[in-house]
Amino acid sequence: MSETPKIPPPLWLLAEVTYRCPLHCVFCYNPLNYAANKKELSTEQWKEVLRQARKLGAAQLGFSGGEPLVRDDLEELIGEAHQLGYYTNLITSGVGLTEARISKMKELGLDHIQLSFQDSTKEMNDFLSSTKTFDLKSRVAALIKKYDYPMVLNVVLHRYNLDHIGRIIEMAVDMGVEYLELANTQYYAWASVNRDQLMPTREQLVRAEATVQEYRAKLGNKLKLLFVVPDLFEDKPKACMNGWGSVFLAVAADGSALPCHAAQSLPGLTFPNVTEHTMEDIWYKSDAFNRFRGYEWMKEPCRTCPEKEKDFGGCRCQAFALTGDAQNADPVCGKSPMHDVVKQIVLKTTNRPVEEKPLVFRNDMNSLRIASEVEKQTS
Amino acid sequence: MSAPMIDPASKPKLARLFRMQYEEAQQNWVLLYPEGMVQLNQSASEILKRCNGERDVPAIVADLEQTFNVQGLEKDVIGFLEIATERGWIV
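Protein chains in written order, with this note's numbering: chain A, 159 to 537; chain B, 2 to 92.
Keep in mind the hints are simulated off the structure, nothing from the lab.
Here a beta-carbon is modelled for each residue, glycine too, at the ideal position from N, C-alpha and C.
A few of these clues could be false.
[Said to hold, decoys possible] Here chain A is said to cover these stretches of chain B; the calculated rule only asks that three of the stretch's residues, wherever they fall, bring their Cβ under 8 Å from a Cβ of chain A:
| hint | stretch |
| --- | --- |
| 1 | 18-26 |
| 2 | 36-49 |
[To be verified] Below are the DSS-like pairs computed for lysine-lysine, each with C-alpha atoms no more than 30 Å apart in a straight line:
| hint | chain 1 | residue 1 | chain 2 | residue 2 |
| --- | --- | --- | --- | --- |
| 3 | A | 197 | A | 380 |
| 4 | A | 303 | B | 76 |
| 5 | B | 14 | A | 164 |
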């Protein structure tokens, strides 16, 4: 019997301080039924979360959501986080980021701002987010640089904007950002509902990757380009979260602690709430965080696979979504007996019907409809 | 890509994007930057601590040799500074 490996401390805390959001992005990773639960932790409860997680070892902190700026205590939380020694990241759509707020946040010690854009064109940006926000985001980008923050520009990629990738990179250069995160859509939550419409073709991807390579050679260290390859087109699974319960700890708006921000899609797991348990118990002792730690839970082909220590069997949420069992190998893996499911999804992009179903925007009405449909199915 | 040569007269300092701090839970020094962290081993952290924009390379080497009572660190220090420059940690 081998010794139980020591559980390492969490390094990353993601504070999803609210699920309220002025945008309605078709690829949002928030839970589909978010509107059915509007509870949010109080300022004091969030401060306690920050203190306990810092003590456990978390050093990186992301304020996210929803749109974190809709909380008017965000500055107070940033100040507390800075005092505690976190490196603080604000992950925002930019809506609500006025000059008064950005300057206050600088004073309180905010370290970095990640701003999302949906596209390099106003039309597509505004269409995909179902808002008129392109001009506002451009103004916010200028403000971020004016206040001398390092900046990550994040653009989620899919069929509708992959062909604009050159222009997106040019836009980032013009804005003076340090990192451009070109994140191909991962198909969870709202993106999974819209998967058939959002999936690019393989040709689009190949072209986009070649363009990224050209710009990398041209730009060097001036702008770091991170191109997150969409795993459905691969046959090696991603090392999701660097292993379940290994570095990452998310706390949802209502205080549920999650080993991954999409984990609420998994059935049969009860996520401990920070109002009822200490962060230490949650990280080290809860069933939810221990469920997929290590290798004991694995089935074949993962169990005896020499790659298991590199990829941890891939993504649990994807395994569940595409095979119906979260303990299965992520079907992206070429060794998965269900890899064909993934091939079929990719194949579908080459012969899409002329008449497509409309995109489902992330908004309260759609969320409540989905929540009530799920309830009907399960009751 | 070959590592950039280090000018011994240069006075390296941590790049603006990085913050260096000691992490109690990890028992080591780290470099923090937007959404990321580099965990430093002891020699890397001892060198970086001395990159304050005031010491040139020979002064950094001399200070390390004195503190740890060893000789002949120059080659290792320059090797590390080259990697750190290439990764953008120091300027």
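Hints, verified against the model:
Restraint check on the stretch 18-26 of chain B versus chain A: 6 residues with Cβ-Cβ distances below 8 Å, three needed, restraint holds. Restraint check on the stretch 36-49 of chain B versus chain A: 3 residues with Cβ-Cβ distances below 8 Å, three needed, restraint holds. Proximity of residue 197 of chain A to residue 380 of chain A is assessed by CA-CA distance (about 43 Å); at most 30 Å being required, the pair is judged violated. Of the supplied pair hints, the one linking residue 303 of chain A and residue 76 of chain B is violated, its CA atoms being roughly 39 Å apart against a limit of 30 Å.
At roughly 36 Å between alpha-carbon atoms, residue 14 of chain B and residue 164 of chain A are farther apart than 30 Å, so this suggested pair is violated.
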